[in-house]
Amino acid sequence: MAPTRTRSRLTLHSQTVAARLDQLEAVCGLVDQGAHSAGFDDRTSYACQLAVCEAAENIVKHGYRKPGAGDIRVTTRSRPGELIIDLVDSAPPFDPTAAMPDDDWEMTDPPVGGRGLLIIRRVMDDVHYERRGHRNHLRLRKRIQAPSE
Amino acid sequence: MAPTRTRSRLTLHSQTVAARLDQLEAVCGLVDQGAHSAGFDDRTSYACQLAVCEAAENIVKHGYRKPGAGDIRVTTRSRPGELIIDLVDSAPPFDPTAAMPDDDWEMTDPPVGGRGLLIIRRVMDDVHYERRGHRNHLRLRKRIQAPSE
Amino acid sequence: MEIKTQVYKRVVAVTVSGRVDSATAGDLEAALTALTNESHTNLVLDLAAVDFLSSSGLRVLVTTLKAVRKLGGDVRLAQPSQRAVDAINLAGLDVLFKVFPDRESAIGSY
Amino acid sequence: MEIKTQVYKRVVAVTVSGRVDSATAGDLEAALTALTNESHTNLVLDLAAVDFLSSSGLRVLVTTLKAVRKLGGDVRLAQPSQRAVDAINLAGLDVLFKVFPDRESAIGSY
Ligand SMILES: Nc1ncnc2c1ncn2[C@@H]1O[C@H](COP(=O)(O)OP(=O)(O)O)[C@@H](O)[C@H]1O
Ligand SMILES: Nc1ncnc2c1ncn2[C@@H]1O[C@H](COP(=O)(O)OP(=O)(O)O)[C@@H](O)[C@H]1O
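Going down the list, the protein sequences come from chains A, B, C and D.
For the first sequence, our numbering begins at 276 and goes up steadily by one.
For the second sequence, our numbering begins at 276 and goes up steadily by one.
For the third sequence, our numbering begins at 3 and goes up steadily by one.
For the fourth sequence, our numbering begins at 3 and goes up steadily by one.
The set of hints was computed from the structure by calculation and includes no laboratory data.
It should be emphasised that the depicted structure is a prediction, and the values quoted were computed from it without experimental measurement.
Watch out, some of these pointers could steer you wrong.
[Stated by the list, open to error] Some but not every residue of chain C turned toward chain A, in silico, with C-beta under 8 Å:
#, residue
1, Ile5
2, Ala25
3, Leu60
4, Arg61
5, Lys68
6, Gln84
7, Arg85
8, Asp88
9, Ala89
10, Ala93
11, Gly94
12, Leu98
For glycine and all other residues, C-beta sits at the position ideal for the given N, C-alpha and C.
Here chain A stands alone, though its shape is the one from the complex:
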């Protein structure tokens, strides 16, 4: 979909992708675009891509479980200094804000998984979850102090 400018300085992109791992790079592309519209630098954009891809990967792997069993609607909203990403899927309910990221482990037994939720929380300023009907609505928000417009 072509970008839509609503009001003065909001840029909105929206795209629905099949819930498959090979679609994650496209999701990253969307996030990168949104991050740059928000005036984020490359490094901040990269962090946002990491976080959103972790969330999307979880939907594919743990939500739908079977590749291509559904889809994910990705919407980015950018305004100077702020990027909001909405991920909507129709997999079984899961609230990632309720799960405790695993950040307490021994050097002798480091964790092989469970890094995704941690990355999402560390990168994003807000993580908001809602179940609406048969859909999961996840909203991730990132803000920076001094946007370069």
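Please arrange chains B, C and D with the ligands on chain A, whose structure you already have, making use of the hints.
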């Protein structure tokens, strides 16, 4: 001394240096100049510098024995494709063409010295020695096939 | 993603480049498992050209680390890109890996 | 002549540059003897920037080689310049030294 052109294409340089190790680099410089006048490439010039410096070093170390105990007259004669270097010293007689370079040793006991005479013979096309009065006259000659003039 | 492997006497240097995510982590895991199966346990990962490193890639690094540590080896990182470092730090895994500014010092550290 | 030394866990890389002749060979010998005295016997000599190597310099290389070999070590050459190679070959010493195209492979060879 400034270079002298005798006959058509002969270039001659001559210089007397104190018989000290710190003069060897200057000797190399002379040889390099002569080699380039003869149309030698850098690699051939380098081989000639190695050989002449070995001979001069031997005169300092094994001939005069004491640093600065005498001097060495270095003369280079270049014509296209040919370089002749004369080294004249007044140390005790020594004929390097009579000495057998040590090129036969075991891998388990490699030689720590005796490389100088070997390098001289391998690089030069002719090595000629004469004792005249109280002086050693050593003439080293290097020729190449196709001189680039 | 591209993987190049250089086998030295006591160390193997693995150069990883491109995007290491859930789509490619399997290939990286296969390459590293092959090495540990051949008793190559002193590993250097050159991450200079990694431009994306997701938790799937990190999972492979940690799995490999655990496997080689059991055998007395280690996984050490050489000249990781800023993006590789950011991912490792965000995942809180920076304490696990020794990082070296160049390949030579990483190889020399074994 | 300039000498730089990088001490790794099991290998020391010595970078030699400039003119190695009777005027400077003593400094090289001192540096290498200091290393062997400290039990550093796996040596890599990076000769990439050597632009003159006379028999005095070669003598130091051979002396060092003999010393470290007795202690189970070796002297290996990394990326020697053409001039260093020419001198070693003319002196008939090329059979003595393992030569590697870069520092990394020389260091990794131990
Ligand atoms: N969208 C989701 N649907 C169902 N379960 C999820 C979802 N996201 C995460 N989870 C659960 O939370 C756990 C931690 O997720 P994460 O931190 O991303 O690590 P990993 O995916 O490597 O296990 C997952 O193992 C899974 O059990
Ligand atoms: N000009 C000289 N005068 C006296 N002895 C010499 C001279 N040149 C060479 N020699 C003798 O020949 C030996 C071999 O010389 P060389 O091959 O240059 O090796 P090195 O100088 O390392 O011993 C010397 O050790 C020395 O005994």
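Results of checking the hints against the structure:
no., hint, in the structure
1, Ile5, "violated (18 Å)"
2, Ala25, "holds (5 Å)"
3, Leu60, "holds (5 Å)"
4, Arg61, "holds (5 Å)"
5, Lys68, "holds (7 Å)"
6, Gln84, "holds (7 Å)"
7, Arg85, "holds (6 Å)"
8, Asp88, "holds (6 Å)"
9, Ala89, "holds (6 Å)"
10, Ala93, "holds (4 Å)"
11, Gly94, "holds (6 Å)"
12, Leu98, "holds (5 Å)"
Of the numbered hints stated above, the single one contradicted by the structure is hint 1.
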